[in-house]
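Q: Sequence:
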Amino acid sequence: MRILFLHGWTSVPGGVKPTFLKDHGHTVFNPKLSDEDFEQAVHTAQEEFDKHQPQVVVGSSRGGAVAMNIDSGNAKLVLLCPAWKRWGTATTVKPGMVILHSRADDVIPFGDSEELVSNSGLPASALIEVGNDHRLADPEPLERMLKECGPS
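Heads up: the sequence shown at position 2 corresponds to 2 in our numbering, and the numbers run straight through without jumps.
Careful: at least some of the hints might be erroneous.
What the hints assert, rightly or not - In silico SDA-like links for lysine to any residue, alpha-carbon gap of 20 Å or less:
#1 K51 - P13
#2 K147 - R2
#3 K76 - E143
#4 K51 - N74
#5 K85 - V107
#6 K85 - N69
#7 K94 - E148
#8 K94 - L122
#9 K51 - G73
#10 K94 - D105
#11 K51 - K76
#12 K147 - F38
#13 K22 - S11
#14 K22 - T92
#15 K76 - N132
#16 K22 - S152
#17 K22 - Q53
#18 K32 - S152
#19 K147 - H134
#20 K76 - A124
#21 K76 - T10
#22 K85 - E115
#23 K22 - A124
#24 K32 - V16
#25 K85 - V117
#26 K32 - T10
#27 K76 - E129
#28 K85 - N74
#29 K51 - D71
#30 K22 - K51
#31 K76 - Q53
What the hints contain is simulated information worked out from the structure, not anything from laboratory work.
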């Protein structure tokens with residue numbers, strides 16, 4: 001599976017989550033996104049999407065907001081604690097999207113993801129409560145992210 005992984009604010013390519021996906025057989029495109037300029041980050045992500053045509057876009061925190069603001073065509077969105085209220089203009093997501101979020105997240109409120117699911121008219125099952133913190137880098141959320149991305 002080709003996956004475009006969009007990292008969070010002040011994160012870097014090659015972190016725990018994209019490496020986990022790669023180690024499990026996926027082809028992962030993980031561009032460096034601008035931390036200072038959200039529009040530039042969206043532009044970079046759109047270029048990478050257009051170039052590689054991934055089947056899945058995974059966006060972590062600010063990367064989730066970036067994912068919501070690109071034209072992702074028919075690709076599945078897997079959003080990890082998306083920071084959509086802090087960055088970008090998108091307030092809804094397309095059908096088939098999944099959010100992984102920890103209720104114990106101390107960076108992005110769990111309620112933001114509940115609101116996004118509601119805004120988008122998606123079933124409550126689109127929001128999966130998992131993990132113990134904002135990073136979602138423990139075994140349980142990593143395995144769930146892998147499952148939601150589909151077979152390699």
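Q: If a hint holds in the structure, say so; if it doesn't, say that too.
A: Against the structure, the hints come out as follows:
For the hint pairing K51 with P13, the CA-to-CA distance comes to about 18 Å; that is within 20 Å, so the pair holds. Between K147 and R2, the direct Cα distance comes to roughly 14 Å. Compliance with the 20 Å bound is thereby established for this hinted pair. A C-alpha spacing of about 17 Å is found between K76 and E143, which places the hinted pair at or below 20 Å, so the restraint holds. Between K51 and N74 the CA atoms are separated by roughly 15 Å; this keeps the pair inside 20 Å, and the hint holds.
For the suggested pair K85 and V107, the alpha carbons sit about 12 Å apart, so the restraint of at most 20 Å is met. At roughly 12 Å between alpha-carbon atoms, K85 and N69 fall within 20 Å of each other, so this suggested pair holds. Among the hinted pairs, K94 with E148 is consistent with the structure: their alpha-carbon atoms are about 16 Å apart, no more than 20 Å. Between K94 and L122, the direct Cα distance comes to roughly 9 Å. Compliance with the 20 Å bound is thereby established for this hinted pair.
For the suggested pair K51 and G73, the alpha carbons sit about 13 Å apart, so the restraint of at most 20 Å is met. Distance check on the hinted pair: K94 and D105 sit about 24 Å apart at the alpha-carbon level, beyond 20 Å; violated. Annotation: proposed proximity of K51 to K76 holds, straight-line Cα distance about 17 Å (limit 20 Å). Using a Cα cut-off of 20 Å, the hinted pair K147 and F38 is violated, with the two alpha carbons roughly 29 Å apart.
Taken as a hint, the K22 and S11 pair is honoured in the structure, with Cα atoms around 17 Å apart against an allowance of 20 Å. Note on K22 and T92: the hinted pairing is violated, with a Cα-Cα distance of about 29 Å set against a maximum of 20 Å. A C-alpha spacing of about 24 Å is found between K76 and N132, which places the hinted pair above 20 Å, so the restraint is violated. Proposed proximity of K22 and S152 is supported: the alpha carbons are some 9 Å apart, at most 20 Å.
Between the alpha carbons of K22 and Q53 the distance comes to roughly 17 Å, so the proposed pair stays at or under 20 Å and holds. Taking the CA atoms of K32 and S152, the gap is near 23 Å; set against the 20 Å cutoff, the hint is violated. Simply put, K147 and H134 have alpha-carbon atoms about 19 Å apart, close enough for the 20 Å limit, and the pair holds. Between K76 and A124 the CA atoms are separated by roughly 17 Å; this keeps the pair inside 20 Å, and the hint holds.
A C-alpha spacing of about 25 Å is found between K76 and T10, which places the hinted pair above 20 Å, so the restraint is violated. The straight-line distance between the Cα atoms of K85 and E115 is roughly 10 Å, inside the 20 Å bound, and the hint therefore holds. Simply put, K22 and A124 have alpha-carbon atoms about 29 Å apart, too far for the 20 Å limit, and the pair is violated. For a cut-off of 20 Å, the pair hint linking K32 to V16 stands: about 15 Å separates their Cα positions.
Distance restraint check for K85 and V117: the Cα-Cα separation of roughly 13 Å lies within the 20 Å cut-off, and the hinted pair is therefore satisfied. Our distance criterion of 20 Å between C-alpha atoms is met by K32 and T10, whose separation comes to about 10 Å. Of the supplied pair hints, the one linking K76 and E129 holds, its CA atoms being roughly 19 Å apart against a limit of 20 Å. Note on K85 and N74: the hinted pairing is violated, with a Cα-Cα distance of about 24 Å set against a maximum of 20 Å.
In summary, the hint linking K51 to D71 is supported, as the alpha carbons are separated by about 13 Å, within the 20 Å threshold. Taken as a hint, the K22 and K51 pair is honoured in the structure, with Cα atoms around 19 Å apart against an allowance of 20 Å. Taking the CA atoms of K76 and Q53, the gap is about 11 Å. The hint holds against a cut of 20 Å.
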